[in-house]
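Protein chains: 2
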Amino acid sequence: MRLAKFAGGIAVAHGDGWLRLPQLSGFQSVTRLADIVATDRLRELAEAVERQSTDLDLVAVDLDAAGALIDRDADIWGVGLNYAGHANDLSTPRPASGPGSYLRPGGCLIGNGEHIELPTRTQRVTAEGELGLIIGTTCKNVVRDDWRSVVAGVTTVLDMTAEDVIRENPRYIPWAKGFDTFCSIGPVLVTLDEVDDEALRSVRISTIRNGETIASATPAAMKYDLGYIVEYFSAGRTLRPGTVICTGTPGAAVINPGDTVTAVVEGIGTLTHPVK
Amino acid sequence: MRLAKFAGGIAVAHGDGWLRLPQLSGFQSVTRLADIVATDRLRELAEAVERQSTDLDLVAVDLDAAGALIDRDADIWGVGLNYAGHANDLSTPRPASGPGSYLRPGGCLIGNGEHIELPTRTQRVTAEGELGLIIGTTCKNVVRDDWRSVVAGVTTVLDMTAEDVIRENPRYIPWAKGFDTFCSIGPVLVTLDEVDDEALRSVRISTIRNGETIASATPAAMKYDLGYIVEYFSAGRTLRPGTVICTGTPGAAVINPGDTVTAVVEGIGTLTHPVK
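Here the protein sequences come in this chain order: D and Y.
With the numbering used here applied, the first sequence corresponds to residues 188 to 463, in that order.
With the numbering used here applied, the second sequence corresponds to residues 188 to 463, in that order.
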């Protein structure tokens, strides 16, 4: 199943178009992703689509202008330096006993197609395409092999960083990731039943600037795999439905005013943003 | 004015007791701190208390068991290594061109008196008493000297960290700060009109373990003062009402099962937590 946000709500893909949840009996009031990503609720939604779709008109959802997929109050965790290529970019060793991490505020989310603003306090901003996991179940201390049981689906992430700042000192990472417009997530959530482990190992993730692919890899090149990441971030802490975990980037593109930067997770979603 | 959270809502101090906001006409539905901290709204509240209090019974609020002051979805920013004493504790140089920073998830908040749980993935957890600023106004790019215009008030913070983890690599800081039960904020918000600059420079902040003061200092010893901190965190990013900025600690206490740890900001508030 595929979900996206349109102005004012959530839509679910069906056939050649989309159904808006407010059209579906039993789902009229759902506007938050957190309220629909639990396994039971997703199954109810699939059943409702199956039962009710013959009576409903499909609508168009412009994914290139879709709203940020993620609820404003969701936690957005991320893994740093998870692909060897990107760690080499930064001339920095990867942390030895676990992945680097960050948490960013929901206030920096933008919808697909919106401008990225470059803050004045940094001279070198990078954009990174990534695969994102969306948590579907309140969970804590998840065992690595059980990761699929708590994840609703996957999506695309474009993750901006004030790179000159973090090169100076990694203690600046939270600040360097939290500027307004520094995160885009979406436009589509693809539920996990559509992507088996083999598909996830081989899905191509790319960072593209002005049409040129700057970096590209598959999760097979991750140091820390998806199961490890879910175990790591849920260890000792409660993850709530709608939480996102950004799983690291194959490589970063330096962005400047006038550029257009794109994150692609093939078959999952594309995010494109002009830089102001 | 002084505000605290009791089960189910917010209370405002009056005379020798407290008035619960649901008792006050015009404030019955206010349960979120974010909905009451704007300057105008605080003035309306003060006027309502003035007008209506003679007809209302004061109630008791047990501050030692008060709920977490902060809304679950508020951003919780923090400054690292802001007092020389604590940077020396960690045998680490203070970042040169700005304060270290962190953001933590609201899910790690506990109410006053609740147990701190020590996660299994760390062998050395510290607790740090701090002064916290609570943002009252949606703001961005605040100039240092204007910081008072966007801050609603101050409070007490107890900030836990998996210190062995961050000693290994500062890229682990977000993870090391985000465990369940790792943050306590409250029990009282003291509005800024009650504390002038001189009072704020001289307010004593202490970390106490099992009755022994482990560290104590005043904000006069901060490397980055309150105005700087507000300017720094609002630069290029929108801060919303209810956001907290934790301003750094005079010193950290290592905590172990059976300990009781206390954060005191004199005249503002005391937080006490047993360690499980």
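Incorrect hints may appear among the rest.
Where chains are identical, the list cannot tell them apart; a pair therefore holds if satisfied intra-copy or between any two copies.
To be verified - No more than 20 angstroms apart at the CA atoms, straight line, and that leaves these computed lysine to aspartate or glutamate pairs for DMTMM-like: (1) K327 / D367; (2) K327 / D412; (3) K327 / E304; (4) K327 / D260.
Calculated directly from the structure, the hints in this document are not laboratory data.
The model shown is predicted, which means the values in this text are computed figures rather than measured ones.
A quick look at each hint next to the structure:
| no. | hint | result |
| --- | --- | --- |
| 1 | K327 / D367 | between (30 angstroms within a copy, 10 angstroms between copies) |
| 2 | K327 / D412 | within (18 angstroms within a copy, 37 angstroms between copies) |
| 3 | K327 / E304 | between (36 angstroms within a copy, 14 angstroms between copies) |
| 4 | K327 / D260 | both (19 angstroms within a copy, 19 angstroms between copies) |
Checked against the numbered hints listed earlier, the structure breaks none of them; every hint is satisfied.
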